[in-house]
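The listed protein sequences correspond, in order, to chains R and A. Residue numbering for the first sequence follows the working numbering, beginning at 1349 and increasing consecutively. Residue numbering for the second sequence follows the working numbering, beginning at 7 and increasing consecutively.
Hint data in this document are derived by calculation from the structure and do not stem from the laboratory. These numbers were taken from a predicted model, which means no experiment stands behind them. Beta carbons: idealized from backbone N, C-alpha and C, even for Gly. Any given hint could be a false lead.
As the list claims (entries may be wrong) - Distance ranges between label pairs, derived from CB positions:
| hint | chain 1 | residue 1 | chain 2 | residue 2 | range |
| --- | --- | --- | --- | --- | --- |
| 1 | R | Ala1417 | A | Glu55 | 45 to 53 Å |
| 2 | A | Arg227 | R | Lys1503 | 16 to 24 Å |
| 3 | R | Cys1530 | A | Glu55 | 24 to 32 Å |
| 4 | R | His1390 | A | Arg10 | 40 to 48 Å |
Claimed, not checked - Part of the chain R face toward chain A, derived, beta carbon under 7 Å:
| hint | residue |
| --- | --- |
| 5 | Pro1422 |
| 6 | Ala1424 |
| 7 | Gly1434 |
| 8 | Tyr1437 |
| 9 | Asp1441 |
| 10 | Val1444 |
| 11 | Lys1473 |
| 12 | Asn1515 |
| 13 | Ala1516 |
| 14 | Val1517 |
| 15 | Glu1518 |
| 16 | Pro1573 |
| 17 | Met1577 |
| 18 | Pro1578 |
| 19 | Tyr1580 |
Unchecked claim - Once the Cα atoms are required to be at most 25 Å apart in a straight line, the calculated DMTMM-like pairs of lysine to aspartate or glutamate come out as:
| hint | chain 1 | residue 1 | chain 2 | residue 2 |
| --- | --- | --- | --- | --- |
| 20 | A | Lys71 | R | Asp1521 |
| 21 | A | Lys174 | A | Glu55 |
| 22 | R | Lys1520 | R | Asp1441 |
| 23 | A | Lys82 | R | Asp1523 |
| 24 | R | Lys1473 | A | Glu91 |
| 25 | R | Lys1520 | A | Asp205 |
| 26 | A | Lys108 | A | Asp124 |
| 27 | R | Lys1473 | R | Asp1521 |
| 28 | A | Lys82 | R | Asp1521 |
| 29 | A | Lys82 | A | Asp67 |
| 30 | A | Lys60 | R | Glu1518 |
| 31 | R | Lys1520 | A | Asp124 |
| 32 | R | Lys1503 | A | Glu156 |
| 33 | R | Lys1541 | A | Glu55 |
| 34 | A | Lys59 | R | Asp1534 |
| 35 | A | Lys48 | R | Asp1544 |
| 36 | R | Lys1529 | A | Glu91 |
| 37 | A | Lys60 | R | Glu1759 |
| 38 | A | Lys82 | R | Glu1518 |
| 39 | A | Lys114 | R | Asp1544 |
| 40 | A | Lys71 | R | Asp1523 |
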Amino acid sequence: MSPDQDVVDPLKINAEESESEINDSGENKDGEPKRAARPTRHAMIMRGIVTPIFGLLAVASVVLGVLNATIWKPSAEITATSTITGSRYIVTDPGVLPLLDRNVTLSVDSVSSSNEVCVALGSSKDVAGWVASESSYTRISGLASWTSLATQTGKATGQVEATSSENAVEFKDSDMWSSVKCGKGDVSLTSAKTTDSTMAIIDLGKGAASTGAQVSMHWVRSQVPDFAMPFYLSGGLLAVIAVLCASVFAMPPHKRRKRVVEGKATIHTDLSFAERAEQGLVGARLPESVPARKHRRHAAHRRGAAVEAEREINEPSEQVGTPVIVDPASRNLVADQQAAAGESAAGILLGGKDSAAESSSAAPSVTGSAESGEFAVSAKPTDEEATSVITSDELAAYFARLAQEVQQSNEAAGDVSEHGQTNENEQEEGNR
Amino acid sequence: MNKRWNTWKKIGVAMAASVALVLPLAACEGQLPTPTAATSSKAAPDLTEAQEKKIRTKILDTLAKADEARSADGYKAVMGGPQLEIRTSQVTIAQKSGSMNKYATIPKDIAQVVIPTDDGWPRSVFTITTTTEDQQSQRLLVLDQNSARENYKLVAMARLFDGVSMPKFEVPTSGSQMGTAKDEGLVVTPTEALTQYADVLQNGSNSKYASTFADDMLRQRIATLTSTVQEGIARNNGTQSQTFTAVPDQMWIMRTADGGDLVVGRIDSVWTRQAGDGRESQPASDDEKILYNSDQYTSTMKVTYVNVVALYVPQSGDGAQVTAVGADRQPVKVEAL
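Turn these sequences into a full structure, and let the hints guide you.
In structure tokens, the structure reads:
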């Protein structure tokens, strides 16, 4: 199969594969022992050890997932409790109330049941303002664990002096609280739609600082973390890996290689006439598609590649008998004609000095590049003859007229570039 | 035997290892959350509209009860500043006259509320009521909380002048900023506005600050009253003098949306009337008469008034003038010298 073939031929590939299989099972040049139907050592390891490991892991993941979704499921109801002593006022930090849910119930159970305990909700600046004149108070700063509250001692700013008792109001009578609840012994207050700036403040009453109280916060989480899903996902993934290990990864590496890439369909990216003219290719043969060097890499991996490579060297690919495709659309008639007409046309062209110098220098370089291409098809003069549509005489007359025009324009404009000339040529030809 | 023992040992180690691996995956409540401090850079209003309504309703209910009982005892818990003195005087007069002054009426419905965003104390809430049932002008109420351990009190009330255009304020959900007595960039500072307005009230168009202030109803009324009284006193060769003194300590300021200040402040005034030709100087109004509460007159009568004025101080600019938008005035003490 020739690597520069543009279209993949499925029949050919099949033939190739069967050929390589024959090579596999038959005589070998790599010196490997002849194998029977017995699975390889690689396959045995993959199927006997790796697959069961992944299978077990997959089962374990699914089991853990089920356990996390049932008996280990995180509880929706969280109650955190702490016993707080040492200060009359207890405040929650901003953001503690809506920590787990926007609905929270705050319960205070005073040790001494004689004191009136009050719980109030207020904005953070109001609560801070209320306790600013206290020497110290207790802050509930968050959760220490899932069942206990973290507390800190808050220090008063000391900037505010205590208000005169004449105008001061009782804690429960303050205008600042959005809701307040008082009771003897124990009180519980539920805060709904709590915002981040809402704080709770607890007044244990005068003289209750030493006895303290048990404070608990209760949330019903609307969103419980889902630990089962990651286990299910990884279980599925491990199962897929186990199946792959038993099938694809257990195959010998050469067997699971793709063959299709050997003959790659390429699009003819022939340069336009103008582009070729720029590169000085006018008058040279058309370059065929670039030899596909990378194809050789795959061929080398194939069993029996050495044999085929040898064969390729001995008999050039072109002689294998690929059909010669003549595409009149991509034909450069001027170039063809030039090649055919040879010296006579060149002689006429010599009138324009620049173009003559250009063509003589361009021709050898193009030929060189064509030769360097490994699988370039050498153009046959017979083909060109067959596809020419104008006689050499007509073309000679045309070039003569052209040379005259060029000379005239040179005289008129002084300097006319080679580029412009060739473009003019193309246009003229198109008109014809 | 030994080999088998080794195998069991290996299996045991393997099982222990797998249990140690699996155990952390079990029975977990999730990561312990930590409270996040509110990151909102914008200051929140000190009160919600609902809270303001609750506070105002409580104050007005207490007022209504005290008015009903014709007793000033209940006032102290909900009122302060000049309004406490004005209202006490009004209820004292009502005890004699049988009815509260019609200017003492405070409608329960409101047209607008201006809530501050300031963190500290004192804090002032400005509330503009609707017109009264007898179509008196709207009232501008100032509710002030002096400290965190005190409640809001009604400290000032000004009756807005008819047809006056009030400055705009921020909506209560975003809150306004309270002004200070020394706010810059205005026509005059709030303290200057109050003291200069007192001078304008005392000297009328002869005041050197007269051009700073736009003409208003209070100025006109006081000028008319003074000239009327002057006519009578002049006939019997008597004299009269009125002195106005600003009290910048009792001043409440709120920033308007256009960068100006609305200043509500107290101006005390003393009106001394001296009759000539050996005549007696008598009260000039029914209110003064009731407050004097005696038939013993002398040649000189000294009446103390408490005035509350609301001044809009705009940002300084070409031709910008301070405008009085509302006022209240009540005699609180009548003496015969």
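Can you give the numbers of the hints that this structure goes against, from lowest to highest? Violated hints: 2, 4, 6, 7, 8, 15, 17, 18, 19, 24, 25, 26, 34, 36, 37 and 39; rest satisfied.
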